[in-house]
Amino acid sequence: MHRNEALIKRFYCAFSRRDAATMAACYAPDAVFRDPAFELRGERIGQMWSMLTSQAGPDFKIEFEGVQADEQQGRAHWEADYTFSTSGRPVHNIIEARFTFENGLIKTHVDDFNFWRWSQQALGLPGLLLGWTPLLQNKVREQAAKRLERFAARKPA
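Residue numbering for the sequence shown follows our numbering, starting at 18 and increasing by one per position.
Because the hints were derived from the structure by calculation, they are not lab data. Only a predicted model underlies this, so the values are computations on that prediction, with no experimental measurement involved. Fair warning: there could be bad hints in the mix.
Straight-line distance between alpha carbons at most 20 angstroms, and here's what the computed SDA-like set of lysine to any residue pairs gives [said to hold, decoys possible]:
#, residue 1, residue 2
1, K26, D87
2, K78, A37
3, K163, R51
4, K124, A41
5, K156, S104
6, K163, S102
7, K26, T125
8, K163, G63
9, K156, E166
10, K78, S104
11, K78, Y29
12, K124, N110
13, K78, K124
14, K26, A54
Full structure from sequences and hints, please.
Right, dumping it as structure tokens:
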């Protein structure tokens, strides 16, 4: 197994245990993370994982498979089941992750998922009607950024 493949597996095993510190340690100091809700750099990535894992409900569960990696890039398929805290609605999200590496750490991490599908589950009718629009996507990004800002302000460095 390539060391970067082992790194991805370590990351997702930590995620399934809600171990945000181990997840954050998998990233290079100047790493970049992007998904439909967040676009983050550096320590903000670890703060996001800390927020998400600490606020996940008891039904939170992830599964991953298809991990592949070489010296430059990697990929994984993962699925998350949880209750969306804002609406109390159940979500089953299907994500394709891509990675690049630098010095044995994650340099870039991009999670792609169907935002419209997610928004229908998480938000109900508003997601069904508006989830495909930039208006709702930008609103979700804005709210996620504010949530992370508040969370980071409460946590000691």
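Hint check, failures only: 12, 13, 14
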